[in-house]
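Enquirer: The primary structure of each chain is shown beneath.
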Amino acid sequence: MNRGQTEFREDLAVNVGVLKELMQHSDDLVFIDRELSSGEPIKIAYVHGLTDDRKLEYLLAKAKEFGDSDFPFGSDDRLSTAEQAADCLAAGQAVLLFSDPPGAAAIDVLGVQLRGVEEPSSESTVKGPRSGFTESLTNNLALVRYFCPSPQLKVEHRKIGRLSRTNIAVLSVAGVANPRILEELHRRLDEIMTDFLLGSTTIEEWIADNRGTMFPLLESTERPDRVVGALMDGRIAVIVQGTPFVVLLPFVFLQAFQVGEDYSWNYYIGSMLRLLRIFCGLIGMLLPAFYVATVTFHHELVPTALLQSIAAAKEPVPFPAVVESFAMMFAFEIMREAGVRMPKQIGQAVSIVGALILGQAAVEAGIVSPIMVIVAALTGICTFTLPPTAMNYALRLLQFGMTFLASILGYVGVVAGIVVLLTYLASLRSFGVPYLGPAAPFNALELTDVVIRRPATWNVKRPALFRAINPYRFRGGDK
Amino acid sequence: MERQVTISNFQLMSLIVISTIGASSLYAPAALVGYAERNSWYLVIAGGLAGILNISVFLALNRMYPDKNLIRICKHVLGPWVGGLLAFAFVCYFLDITSWVLREFAHFFIIALNPIIPQSWYLAVGIIMGAYAVSRGLEAFSRVSEIVLFVIVSAFLGIYVVLISQYHPEYLLPVLENGWLEPLSGIIPVATWLGDLMFISMMLNHVRRTKKTAAFAVGAVTITTLLLLLSVLSCTMMFGAKTTATFTYPSVSLIQNIRLFRYIERFDAALVAVWVMSSFIKISVYLWATLQGLAEFMKLEKPRLFLVPLSAGIYVCAKFKIWGLIELGTFYERQAWFFYLFQFVIPVVVLSIAWLRGDGQKAEVGA
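Which chain is which? The protein sequence lines are X and S, in order. Counting from 1, one number per residue, gives the positions in the first sequence under this note's numbering. Counting from 1001, one number per residue, gives the positions in the second sequence under this note's numbering.
None of these hints come from the bench; they were simulated from the model. Incorrect hints may appear among the rest.
Said to hold, decoys possible - Using C-beta positions, here's what the derived DEER-type ranges look like:
#	chain 1	residue 1	chain 2	residue 2	range
1	S	1165	X	315	35 to 43 Å
2	S	1313	X	128	32 to 40 Å
3	X	190	S	1209	35 to 43 Å
4	S	1303	X	165	42 to 50 Å
5	X	421	S	1246	34 to 42 Å
6	X	447	S	1209	20 to 28 Å
7	S	1084	X	319	54 to 62 Å
8	S	1360	X	276	55 to 63 Å
9	S	1208	X	175	25 to 33 Å
10	S	1208	X	334	32 to 40 Å
11	S	1209	X	276	22 to 30 Å
12	X	421	S	1034	38 to 46 Å
Owing to the predicted nature of the structure, the values given are computational and were not obtained by experimental measurement. Every residue, glycine too, gets a C-beta built ideally from N, C-alpha and C.
All chains should be built: construct the whole structure from the sequences, respecting the hints.
Expert: Here's what the structure looks like:
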């Protein structure tokens, strides 16, 4: 018996009192009197609203038909202390209190209204599976098991959060995932000291190698097919109760430009889309900076005809290119955020007003040049091609930094910014895996399935980057 | 326990290629035609052999003392006093080289790109980049060097390939009309460019050792020699030897002759990228070597604390050591012996003494 734990007494009223005390006398805590087939009085406790009505009714109706050891729900769990019973009640289970011998049992009657399996809004797809995770851990586990019906899929349950006691599940494929990375994950999970776990981001922040970086060191996805793909690469998934976002680890920089759909198209299209996204990522981060550097310092590098067009367009604008650029980028971010937060119908109107009316009016008023509007629009559209992960936001923030460097040092500032950024990224690791891999450290073979998409028949080996203990997906003659 | 910092053979190769090709590709075509005119390609090949000889000295020292850097080797071979003095001289040499590279970095942009931005700003950017890289560690900037190598080699090859229609191979004729020896009068400057890899003497004990380490190191000098050869040949075939000699940066003039689809021209931005990246790596490796040398020499427990003052010192040295590009170019040509002394002569002396002490045989037995 742990110190500070309360054992059950023979007197049910005392046990009820203790439970009420532990549950802070909450008004939604319900106690119902019943008798077992032996005539022994029992109390059934549950939290109103957290239970499935049908399961509860069945329990209440059938309670008297059963003895104290054969409850109808299978997942019953004997409890030895009142504190355990309180935890179960808070988690949505019904608790049966017995007097002879004194004790309790928990029965799973959880029933919260949750949304069903829908297409994930943040990772929509044209071709490929359309199921997305929900807020239910059980549902999400079932989805993964459905997509990967393998007995080697290992699920480890844990509870995180001193107060919230949030259920999480760690998923790995035995014989594929590296046990040292799994062990390291559990060690880091043990170190989480928070009292409340609010979604997967809190977990990410606790277990990431570097907590101070704005770049995502772990992947987050709503798609079960992506989770299964990651598990098959030797990676590990963490599902958190209450959020549809599943954490995948380790994660490297270039994976931010991949989407699950790449594998739903043939490899030419998949490769082209990946290259396009990387190109768009570069434009999204660097185009305003190059524009500002060129217009401010390096006119001589622009072909004469184009220079004349730029000069003519900029002539009525009283601000330097950097001010124009910051104003447009800032305005674009405001419109984007407004479009996301507004109800869908109004959001569309905001983007139309922003793009057409505001842009047109700003040009006519001579506040910004038409070229700057084109630059800002192209930059914005390019960032829309990237999956909406933290990387997307990081690149958008870097736009401002690069533009600032361009405004004081021209091209030199931009390249210096890129070099410093690369150095920073190269110093990051995700669960020991270099963040810039497989570009740096360079591995030509693996790079071909990260920057472009290789045909499935060529993927004999799993990515060595994730240190899978079974490096082969298949070998000649294997079925 | 602190994790052992290790880099791969490929990363070592990248660091050597980038550090040696940057400056030499800018200055070499103009400087070498002064010695060998249209036969400067021959001088480059000779310089490449000298570079391989140079790197072999450091590889031999590393083979004898696999766990020691140059500073510790000096103290071990020559004793605490003489060895300590020499070690201190090497630390000062590393510091000096860092400041030369920083000054070259700033000069190039002032002359070739934009004279409006003050020199101090370029110097500050250069040293901040280097100090930041050193603060993130050898492994971080070695990984970056792998990407930079790809960018630099692609950029150089791209430049030489798109100009192919404008080359005049006849400008290379006649070949070696004054014999094989006369062009070698410029061997020292070219050997200092291709042997500008002293930093590896501080780095080799961090390389994840395989049987191929020596091959990668020699391969790095070979790649640099080939790139430099292409640079010298392109300039000579494009402008002829005499015109090449009149340019400050013939590579810039080379790029300015590129015109694609009759309209797209001025690819100077590519050269900016190459120059910033190669200077970044070179400043980083020498600053790192200086800091390591200082830490080893003064037995510092927290060398990172010295990074900022050291960087500030290098900035001041770089700003005031010469007054302009002409003095810089003259120093490189006339005082090339200074660089050669530290790059080759003294390491050969240390290696010879180590052999005489019998450390070479011990290493072979150990191997």
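Enquirer: For every hint, state whether the structure bears it out.
Expert: Quick rundown of the hints versus the structure:
1. A beta carbon spacing of about 39 Å between residue 1165 (chain S) and residue 315 (chain X) agrees with the range 35 to 43 Å that was offered as a hint.
2. The supplied range of 32 to 40 Å is broken by residue 1313 (chain S) and residue 128 (chain X), whose beta-carbon atoms lie about 58 Å from each other.
3. For the hinted restraint 35 to 43 Å between residue 190 (chain X) and residue 1209 (chain S), the CB-CB distance of approximately 37 Å keeps it satisfied.
4. Here the CB-CB span from residue 1303 (chain S) to residue 165 (chain X) is close to 46 Å, well matched to the stated 42 to 50 Å.
5. Residue 421 (chain X) and residue 1246 (chain S) have their C-beta atoms about 39 Å apart, which keeps the hinted 34 to 42 Å range intact.
6. Distance hint for residue 447 (chain X) and residue 1209 (chain S): a CB-CB separation of about 25 Å, consistent with the stated range 20 to 28 Å.
7. Between residue 1084 (chain S) and residue 319 (chain X) the beta carbon distance is about 60 Å. The supplied range of 54 to 62 Å therefore holds.
8. Distance hint check for residue 1360 (chain S) and residue 276 (chain X): the Cβ-Cβ separation is about 57 Å, which falls inside the suggested range of 55 to 63 Å.
9. Between residue 1208 (chain S) and residue 175 (chain X) the CB atoms are about 28 Å apart, so this pair conforms to the stated range of 25 to 33 Å.
10. A beta carbon spacing of about 50 Å between residue 1208 (chain S) and residue 334 (chain X) contradicts the range 32 to 40 Å that was offered as a hint.
11. Between residue 1209 (chain S) and residue 276 (chain X), the C-beta spacing of about 42 Å breaks the proposed range 22 to 30 Å.
12. Residue 421 (chain X) and residue 1034 (chain S) have their C-beta atoms about 40 Å apart, which keeps the hinted 38 to 46 Å range intact.
Going down the numbered hints, you'll see the structure goes against 2, 10, 11, while the others check out.
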